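*Asks:* Using the sequences and the hints given, assemble the complete structure.
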Amino acid sequence: MTKDQCKQVVLDIIADIAPDEDLSNLKPDVRLRDQLQLDSMDFLDIVMELRKRHGIEVPEADYMQLASLDSCAEYLTPKFTALGK
Amino acid sequence: MKPARIVITGIGLTAPNGNTLAEFRQNLLSGVAGVETFDVRYMGTLLAGVCHYDPLKYQKKKEVRVGTRAGSISIYCAREALADSGVNFEALPKDRVGIYIGCTEHGNVETENEIYNISKFNYDTKFWSHYHNPRTVANNPAGETSLNLGVTGPAYTIGAACAAGNMGLIHAAQMLRLGEVDFAICGGVSESIHTFGIFAGFKSQNALATHEDPKKASRPFDKARNGIVISEGGCLYTLERLEDAQARGAKIYGEIAGYHVNSDASDYVLPNPTRQAECVRKAIAHAGLTPQDIHIVNTHATATPLGDIQECEAIRAVFGEGCPDTFVNNTKSFIGHAMGAAGALELAGNLPSFDDLTVHPTINVDDLDPQCALPGLVINRPAKAKRVDAILNNSFGMLGINSTLIVKRFVA
Chain A
1 MTKDQCKQVV LDIIADIAPD EDLSNLKPDV RLRDQLQLDS MDFLDIVMEL
51 RKRHGIEVPE ADYMQLASLD SCAEYLTPKF TALGK
Chain B
1 MKPARIVITG IGLTAPNGNT LAEFRQNLLS GVAGVETFDV RYMGTLLAGV
51 CHYDPLKYQK KKEVRVGTRA GSISIYCARE ALADSGVNFE ALPKDRVGIY
101 IGCTEHGNVE TENEIYNISK FNYDTKFWSH YHNPRTVANN PAGETSLNLG
151 VTGPAYTIGA ACAAGNMGLI HAAQMLRLGE VDFAICGGVS ESIHTFGIFA
201 GFKSQNALAT HEDPKKASRP FDKARNGIVI SEGGCLYTLE RLEDAQARGA
251 KIYGEIAGYH VNSDASDYVL PNPTRQAECV RKAIAHAGLT PQDIHIVNTH
301 ATATPLGDIQ ECEAIRAVFG EGCPDTFVNN TKSFIGHAMG AAGALELAGN
351 LPSFDDLTVH PTINVDDLDP QCALPGLVIN RPAKAKRVDA ILNNSFGMLG
401 INSTLIVKRF VA
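Protein chains in written order, with the numbering used here: chain A, 1 to 85; chain B, 1 to 412.
Do not take every clue at face value.
Derived, one-sided and incomplete: chain A residues facing chain B with beta-carbon distance under 10 Å [to be verified]:
id	residue
1	Asp-16
2	Ile-17
3	Ala-18
4	Asp-20
5	Glu-21
6	Asp-22
7	Leu-23
8	Lys-27
9	Pro-28
10	Asp-29
11	Leu-44
12	Val-47
13	Lys-52
14	His-54
15	Ile-56
16	Glu-57
No lab work stands behind these hints: they were computed from the structure.
For clarity, every value in this text was computed on a predicted model and none was experimentally measured.
For every residue, glycine included, the Cβ atom is placed at its ideal position computed from N, Cα and C.
*Replies:* Structure (structure tokens):
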């Protein structure tokens, strides 16, 4: 999986958990919380959907790695690769 | 000191046959039922009363996703009631607004959904939703409404089985009279059709209605009645002290005249006509009225073979043959049993009678059970009344809780 594909995985999840938001102009290097109305429960949703849809575990100590699309891609791409995806 | 007079100034509702009072009332007068086929997890296609309001009228998509159906119904009804009341809600001190919502049960839907969800993951509880607790706390419907409206006063639910809709109104009237709040949003809601457990429970009790025509399935007082049609729905009212309502020139639907709540203390599920009659008598006395003063009795009857007969026995004991101007009807024949919403919805369906002097019927009575042949029972077609000055609304529930609420025509 490429980093761009990884970002798309995260965007697909955000589209479901924040259905009122316009995701077309998200800046990948800016914190998601600064661009979208996301609270702590929403971030738990992202963690849960990564677990459910892709079998990926994000320990609580690593939640900060999900701050922006870029940081998501940096953190998650190796995990997808390790799963052979 | 005489207690403050409490009046109804706004109504918001969603029923299986209408999403406004006008639409609901029109269908009650035209004989239009709202029961349909409905798929229930594990059980297949059954009959239910389903609401078709637009949740996105007052909620964002995310609020609908995160919240519960009962919360969504509550928000829709509360917003509709506020709009109907004409109150300048923005100007009201939000810490002086109370939200009191009756519920038969809450939490079953979300718990069943989560168990179904983790069944797809070999019952591994790490897949259990972090939303489970806020969705299943008993105050959820009122809490979601307070979030949506920005209300910071008391907001909670009242658990009273199928007597809960009346209880929401009664409790709100009490809180207004105590001076705890200045404006109340109150009534009852139900999301029960989204839990298979309530269907399975009534089926195991041999109390779930079946009929080849869904719209004829709910048939209180008919000889061939065979049980309950389970429905969802909601009806919330705005209640105010009379002087507040008059000060802002509010439209007044009616005045809370009296009420009573009691308990059978006799059985988990079987009604007790002695206690029911006692509840009705005490409500009439509380209102300072006599049985002859009641012009519409809206029955609780759910179309179970025994329950209908027992309520008729209670009504006969109170009203007998000496109340020639008293009509008796039933709203569940149109919409099924909306559980915690039932009492509030059924009252709303009758309130327009103060103005149009028309009593909606109980429908689906092809062959009246002689044991349910009450004087004044309005069957299949509306009746014209000489006058409608007081409406008595019965709602009874499991574990033997009874509630009777009387609303009278407003006379300044």
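*Asks:* Please go over all the hints and tell whether each is borne out by the structure.
*Replies:* Now the hints, each set against the structure:
no.	hint	result
1	Asp-16	8 Å, holds
2	Ile-17	7 Å, holds
3	Ala-18	6 Å, holds
4	Asp-20	5 Å, holds
5	Glu-21	8 Å, holds
6	Asp-22	13 Å, violated
7	Leu-23	13 Å, violated
8	Lys-27	21 Å, violated
9	Pro-28	22 Å, violated
10	Asp-29	25 Å, violated
11	Leu-44	5 Å, holds
12	Val-47	9 Å, holds
13	Lys-52	6 Å, holds
14	His-54	13 Å, violated
15	Ile-56	13 Å, violated
16	Glu-57	9 Å, holds
Hint check: violations occur at hints 6, 7, 8, 9, 10, 14, 15; the rest are consistent with the structure.
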